[in-house]
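Here is what each chain is made of, one letter per residue.
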Amino acid sequence: MSRRAHPTTPSKSIFFVVLTFLALAGIGAYFFQKDANPYRTVEKLIPTDYYENANSLRGNVYQIEGTILNSLAWNPEKGRLFSIRVTTGDSKNWPLPILIPSSLRQINIQKNQSYRAKVRINDSGILLVEEVQKS
Amino acid sequence: MKAFSCLLLFFIGLGAALFAQEGNSKAATGGARPPQMNQGFLGRDVPVMDPGSDTSTFDGKLWNMNNNRLFRSRFEKYLNAPAETSEADQQYESTINQILTLLSPGKVTSANVDAAWKLLPKASEYRSDANLCNSLADVIYSVWLAKNESARLEMANRSLQREKSALEWNYRMNLGPSTIASSAPSGTNSPTSATTLTPQDEARVEPIKEALSDVRATMVNNKLKKEASIVQAKIDFQSLIIQYFAQRRFRHVLIGTRFYRSLFGDGDSRLNAMDQIASSLPVDKDAGQVKIKAKLDPKIAAKGGSGAYAGAGTGTNGKYASTGGDTSSSGGGFNAEGLQLGVENLGVESLISAGASGLKALGKMINSLGQIDALANEAIRDVDEGIESYKFLLEKNELKSATERLFETFMMGEYMPSVRKLSRDDKRRALEFTRKTNELLAALEVNDLTRAEDLIKELSQTARDFDTSKPLAVVETAKTVSAMHLAKAKAAASSGDRTTLETELRAATEIWPRNPALATVSGSIFSQTDVQQQALNDFDRLFAQKNYRQIFDDKVRYIAATAMYPERQEKLKTILDRVQGAETALMRATELAKRGDPAGAWESVEHGFSDYPDDPKLNQARADFTTQAAEFVRSVRTAQEMERKQQIGSSLAWYLRALQDYPNSEIARDGIDRISAAIVK
Amino acid sequence: MLVLDSMEASLPNASTPLLSKISAWYPAAHFGAILGPSGCGKSTFLKVIAGILPHTDGSIFWRGRNLDESDLSPGELGYVPQFSCTQPLLTVRENLIYTARLRRSASANEIETIVDQVVEETGLTELQDRRAGVLSGGQLRRLGLAMELTTQPNLLLADEVTSGLDPKSEEEITLLLSSLAKDKGRLVLLVTHSLRFLDFYDSVTILSAGRLAYSADPRDLTSYFNVSTPEDIYPALAKRDAETWAEEWAQAPNPPELTPSTVLGELESEMSRAEKESSFELPSFLSQSSTWFFRRLKLFMRDPTQVFLQLSLLLVFPAVVTLFAYRGLPSVRNMTMSADSGVLDQLRETLAFTIQSSRIGTLVSGLAMFQVILLALMGSNNSAREVIGDRPILEKEKLAGLRPGATLLGMSLFLLLLVFLQSTWMTLFVRAVCQFPGNILAQFLPFFILTAATTALCLAISSWTSSSEQASLGSLYLVGFQLPLSGAILALPDSLGTLTRPLISAYWAWSGYLQTLRDTRFYDLVRAISETPLASYSMALWILLIHLGLGLVFAYFGIRRSQWR
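Residue numbers (this note's numbering), protein chains in the order written: chain F, 4 to 138; chain X, 24 to 704; chain S, 2 to 566.
Keep in mind that the hints were calculated from the coordinates and are not lab data.
This one's a predicted model, so the numbers in the text were calculated from it and none came from an experiment.
Misleading hints may appear alongside valid ones.
Derived pair list, reagent style BS3-like, types lysine-lysine, alpha-carbon separation capped at 25 Å [what the hints assert, rightly or not]:
1. LYS47(F) - LYS15(F)
2. LYS114(F) - LYS704(X)
3. LYS704(X) - LYS81(F)
4. LYS704(X) - LYS121(F)
5. LYS578(X) - LYS100(X)
Here are the in silico distance ranges between beta carbons for each label pair [to be verified]:
6. TRP77(F) - ARG328(S): 34 to 44 Å
7. THR306(S) - ASN40(F): 50 to 60 Å
8. LEU268(S) - SER14(F): 18 to 28 Å
9. TRP77(F) - LEU348(S): 52 to 62 Å
10. GLN592(X) - ASN58(F): 35 to 45 Å
11. SER14(F) - GLU248(S): 15 to 25 Å
12. THR306(S) - GLN36(F): 42 to 52 Å
13. ASN40(F) - PHE421(S): 48 to 58 Å
14. ASP126(F) - LEU500(S): 41 to 51 Å
Some, not all, of what chain S presents toward chain X, calculated at C-beta under 10 Å [as the list claims (entries may be wrong)]:
15. SER164
16. GLY165
17. LEU345
18. LEU348
Don't be surprised by glycine CBs; every beta carbon is placed ideally from N, CA and C.
Based on the provided sequences and hints, a complete structural model is requested.
Right, here's the structure in full:
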């Protein structure tokens, strides 16, 4: 018995609209979150494993995320060796050595920068970066 | 008295000779004057005591302190011995007197001689005779035997003469007229005449000829034997007498000469033995002249003994007998007394050889038995006088002179009854004085000036005639010089001049080792030296034990001690560096630990530990900090372990972790650098 | 013919109804007056008929159809409220033209014709170029009538249009209304408390305390109430209670329904309805939107204060931002990578870097957040009063056929213009002065969407509040809470941050903007000092779009809902 000038506020539709938006936000968040980590399909490196026995992980590919600590060594042919600090869930810091091959020399690496990288553990048990981006 | 002074001069000569020969290189025999003493102030003026000669040298002059040690002991023995006044001694004395009485001139009959001869074995039974009388009896007996032998040979020759005449007869009978005519005069021409003999004659005469020659030879031999046995007996007898003289058995000499005269009747004749000996020796005319002069003028002899004839000293010192060949140049300088004492000097054991050598020397001076007899009588009188003089001086309390007199007398007439019968109490005072002087000598010998001074004082009280000026001068001078050296040592010590200090201290010590001032002064200075040696010993021991920490804790001591030993110093330096390193590490660690940085502390200790792993302190600290900085230490250790296992990645990660725990970590940094370099290489 | 059958109206939770058991009927081509003392429910009576207020019982029939089932169409009803619905900044003619364009689908020429006709009808010809703001009360009432007449309604309800006017104007309006009732079988009901001109009315309805006391020919009025002059009616009404009057009127004999004049009137009304149904049409959605947009633009341009204010904000806000870095952003000195230097050097360097990063990071983060907050402020300023400020007009226009969606679109278009200008200028100016690196479009987008979203959200607030003050306050809160809850300045506790961040547009814009600096060291420095995680760029835009969408949806519903004073 509602008249035109006096519409009832459709709380149900508002509810559904809001729900729709939340769903949209959630879906979007889900996708964009995934989008934020291009290596999400790659297994994460567990620092303790590496500390335990790096050689046993040789040939494996992992993703790591951490902050550059220092440049350790440099060679125009082999690339740049850095130490990177990886923080685990229990907020422990694990410095790890990563080797950025000369093929990735266009990347500007600075101290205290955070990077996410896809790494392969090479024959000498060092994390060899295959792809890297700032995180 | 003369004899004594001669003896003295002889020994002075001996000392001088020793110095002349051995030079100053043989410090031990020359009285221990170290070579460096010559260089310093007062160097040559320091009085030097020569224990070998009992002379001390001071200011270029020699001063004989007393006597030869050999005599001294013998003399002391005598002084300690009781007076020989026992019954046996008296019986012996009376026996000897009896013999002398029986043989005294004017009373000599063959019956007395036989009686005297029979008393000889009896006298010989007494200990103090030392079997001298027996020897005499034997010689007399052998003279008698020799006389019998010559009589027997006379009779043998007479029978041989008869046999010879018979053989000559036979020989002439067997020869033809031609041969007899040509060869009659003598057997000696027989070879020429024999040429004229027919072979048949030769064969017939030959045995007779041989027998005749044998008989002639035997006759000549027997004649020679007869002469020889008498001469031998004389020589033996003379030799014995001379020997007794040399042994200062003057009364036996008297007995001998009296027997000799009764047996041979040529008592005043020249001594055959001497002649024989003298002629058999190569005689140097010049030496002979000197000898004569010496005999007439003892001063020349004394000069010769002390100066020109230095070699004589050595000659009388025991080597003489074996090198008898050159007696002429040395022995000549001595008169009878000198020789007598010189021979005595050799002691009982060398008496025989000394006698022989004495004979040789004596042979050139003493021509007749009468001379010996006179000398013996003179000596006996001299000894008796000496004893009297001793007793008189003793009464006057002039102990020094008394002792000297007694000593002289003893030296000359040791076996004379007057000497032997001197009462023990009388000898005792001389003994005490001698002992004191000996002590003084000993004190001066070891430079115990304090004791010497006390002794001098004591001696001057007991012996009025003891001349204290010389020993006191020695003592005072030594004291002064010692004090001066000490003063210099002090100065050197204060200025830190160790070389001088040591030299001066050594000089002062040598001059007066028991100087009380030395003890106090060097107590401070000298203790350094002792401490130094102790420190060096400790250092070596600790070094061997690798107890570097102990060395380090006492480093001041060892630095001072090793200052003069470059090798040890080098060692010490290394040790100090190492322990210093460890210590620094430890201090740093403590500091860091205080600041709440156990990881840094651990690393500091770890560095020190690699330098000095044996240090217990460091080890303790290391253990402590390991627990305190467990996480960091675990990281470092794991990293090192991984590196060993070629786990490069893990190792590097652990090093990085260690560095994260302790950003100052050099170990971690080194590890990271090393591995990183290897990775990008 | 309008028939009221036992109509009742009451406010929720009210013990006494505003109107009770009112039964009356009005034929076409009729001019009826609703009389009664103040507070007797005259205006309520009219609003219930118009549909602005709901009737709680009984039924209303218009031309034989129950309005509950089929409401009056916008073209059938004309309602002139007590207040002025004109835009004072527009001229009389502009007012009429925009009204006509909003209500009728017609070409510009047709609109002109209609307006000319209405102007002539209402005697506003001389005044048509005057701004409404300078018109007198009578002229404004006339303009109000003219605006209603643009749709040629069959039912014209006028609420107190003669009140407070001088007697001459009152008479003129009454005469105008009387003449309008004679035209095209139109039923005109006038609420008034004036008892003059009783002779002009075809019928008089008297209400007393929400009860119907009389509804019949005005000539029988004095005899029914047993008074000598109509002026004595109100005192007489007061002598007995409304219930008694209502019962008495209910027992009185009803006047005859069919008279020759009513029949003629009904016929004429039916004819005009057929004619109208063929010619009358509401304008399209877009037409209404554009009309709204252009009118809003014109109004904005006509208002120098608003223009000045907007311009000031547009220029001053970016300038204020750049004050903090008018020489440009400081250059970032990087740390040496070598580990060779001593720990002390490293520490010193780290300290220097930390100081630098806290300084520069804070600056960059702050500049970003400052821009965001100022844009949000501008956004809220754009729309806080957009709806509530002219809410009665909006309601009136909605009643006259304006679609809420079209309104929203029109508004949005206008606001978009502002938002675009604001965000563009902010982005460009700050970027130019402070020399921000990064992609310019990428930096513009989060700012733009943020401003739009804030504007939309404030529009929603504006549409849902009942007063300007409320709206302003609400918008202010909205913006004010953005800063602390964004976590850009101080990090929130993780759980709280996770809960609040999705709602805070500023956070997303800030994140999105900072993400455009990702390839520069500024990003690292901000990361170094900020504990709040930064959302990815696409995520930020997405969430901002969600905010914008939500704002618009809520604004739509807010606009759609009825809110009469």
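List, from low to high, the hint numbers that the structure doesn't satisfy. As far as the earlier hints go, 1, 5, 8, 9, 10, 11, 13, 15 and 16 are violated by this structure, in ascending order.
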